[in-house]
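Residue numbers (my numbering): 1 to 54.
Don't read these hints as lab results, they were simulated from the structure. Just so you know, even glycine gets a beta-carbon here, dropped at the ideal spot from N, CA and C. Warning: the hint list may mix true and false statements.
[Stated by the list, open to error] Pairs of lysine to any residue residues, derived as SDA-like cross-links and limited to a Cα-Cα distance of at most 25 Å, are as follows:
id, residue 1, residue 2
1, Lys2, Glu12
2, Lys36, Pro50
3, Lys41, Val27
4, Lys2, Glu16
5, Lys2, Lys41
6, Lys36, Pro46
7, Lys36, Asn7
8, Lys51, Lys36
9, Lys2, Ala23
10, Lys41, Ile10
11, Lys2, Leu21
12, Lys36, Gly18
13, Lys36, Ala19
14, Lys2, Ala30
15, Lys36, Ile3
16, Lys36, Glu49
17, Lys2, Glu28
18, Lys2, Val27
19, Lys36, Ala23
20, Lys36, Ile10
21, Lys41, Pro6
22, Lys36, Gly25
23, Lys36, Glu12
24, Lys51, Val26
25, Lys43, Gly18
26, Lys36, Arg4
27, Lys2, Phe17
28, Lys2, Ala45
29, Lys36, Ala11
30, Lys36, Gly9
31, Lys48, Pro37
32, Lys36, Met1
33, Lys48, Lys36
34, Lys36, Gly8
[Stated by the list, open to error] Simulated restraints, written as ranges between beta carbons of each label pair:
id, residue 1, residue 2, range
35, Lys36, Val13, 24 to 34 Å
36, Arg38, Phe17, 23 to 33 Å
37, Arg40, Lys2, 24 to 34 Å
38, Ile10, Ala39, 18 to 28 Å
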Amino acid sequence: MKIRFPNGGIAEVSDEFGARLIAAGVVENADKPARKPRARKTKTAPKKEPKNEE
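Work out the full structure: start from the sequences and follow the hints.
Following this line, the structure appears as structure tokens:
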């Protein structure tokens with residue numbers, strides 16, 4: 001069984017030990033696809049002030 005750690009590492013362990021780690025919430029099953037990274041919002045450009053030439 002392959003397991004995935006929260007930092008992204010993957011390890012091969014016995015089925016019994018992997019099931020205990022998954023049940024404890026320490027790791028997740030690596031057979032399912034990894035979570036997609038969060039999409040970050042882009043910063044908006046500051047609004048330009050109109051130039052007043054007098």
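Status of each hint after checking the structure:
{"no.": "1", "hint": "Lys2 x Glu12", "result": "5 Å, holds"}
{"no.": "2", "hint": "Lys36 x Pro50", "result": "42 Å, violated"}
{"no.": "3", "hint": "Lys41 x Val27", "result": "29 Å, violated"}
{"no.": "4", "hint": "Lys2 x Glu16", "result": "12 Å, holds"}
{"no.": "5", "hint": "Lys2 x Lys41", "result": "33 Å, violated"}
{"no.": "6", "hint": "Lys36 x Pro46", "result": "30 Å, violated"}
{"no.": "7", "hint": "Lys36 x Asn7", "result": "14 Å, holds"}
{"no.": "8", "hint": "Lys51 x Lys36", "result": "45 Å, violated"}
{"no.": "9", "hint": "Lys2 x Ala23", "result": "14 Å, holds"}
{"no.": "10", "hint": "Lys41 x Ile10", "result": "29 Å, violated"}
{"no.": "11", "hint": "Lys2 x Leu21", "result": "11 Å, holds"}
{"no.": "12", "hint": "Lys36 x Gly18", "result": "23 Å, holds"}
{"no.": "13", "hint": "Lys36 x Ala19", "result": "23 Å, holds"}
{"no.": "14", "hint": "Lys2 x Ala30", "result": "5 Å, holds"}
{"no.": "15", "hint": "Lys36 x Ile3", "result": "17 Å, holds"}
{"no.": "16", "hint": "Lys36 x Glu49", "result": "39 Å, violated"}
{"no.": "17", "hint": "Lys2 x Glu28", "result": "9 Å, holds"}
{"no.": "18", "hint": "Lys2 x Val27", "result": "10 Å, holds"}
{"no.": "19", "hint": "Lys36 x Ala23", "result": "22 Å, holds"}
{"no.": "20", "hint": "Lys36 x Ile10", "result": "16 Å, holds"}
{"no.": "21", "hint": "Lys41 x Pro6", "result": "23 Å, holds"}
{"no.": "22", "hint": "Lys36 x Gly25", "result": "19 Å, holds"}
{"no.": "23", "hint": "Lys36 x Glu12", "result": "22 Å, holds"}
{"no.": "24", "hint": "Lys51 x Val26", "result": "59 Å, violated"}
{"no.": "25", "hint": "Lys43 x Gly18", "result": "42 Å, violated"}
{"no.": "26", "hint": "Lys36 x Arg4", "result": "14 Å, holds"}
{"no.": "27", "hint": "Lys2 x Phe17", "result": "11 Å, holds"}
{"no.": "28", "hint": "Lys2 x Ala45", "result": "45 Å, violated"}
{"no.": "29", "hint": "Lys36 x Ala11", "result": "20 Å, holds"}
{"no.": "30", "hint": "Lys36 x Gly9", "result": "15 Å, holds"}
{"no.": "31", "hint": "Lys48 x Pro37", "result": "33 Å, violated"}
{"no.": "32", "hint": "Lys36 x Met1", "result": "22 Å, holds"}
{"no.": "33", "hint": "Lys48 x Lys36", "result": "36 Å, violated"}
{"no.": "34", "hint": "Lys36 x Gly8", "result": "12 Å, holds"}
{"no.": "35", "hint": "Lys36 x Val13: 24 to 34 Å", "result": "25 Å, holds"}
{"no.": "36", "hint": "Arg38 x Phe17: 23 to 33 Å", "result": "31 Å, holds"}
{"no.": "37", "hint": "Arg40 x Lys2: 24 to 34 Å", "result": "29 Å, holds"}
{"no.": "38", "hint": "Ile10 x Ala39: 18 to 28 Å", "result": "24 Å, holds"}
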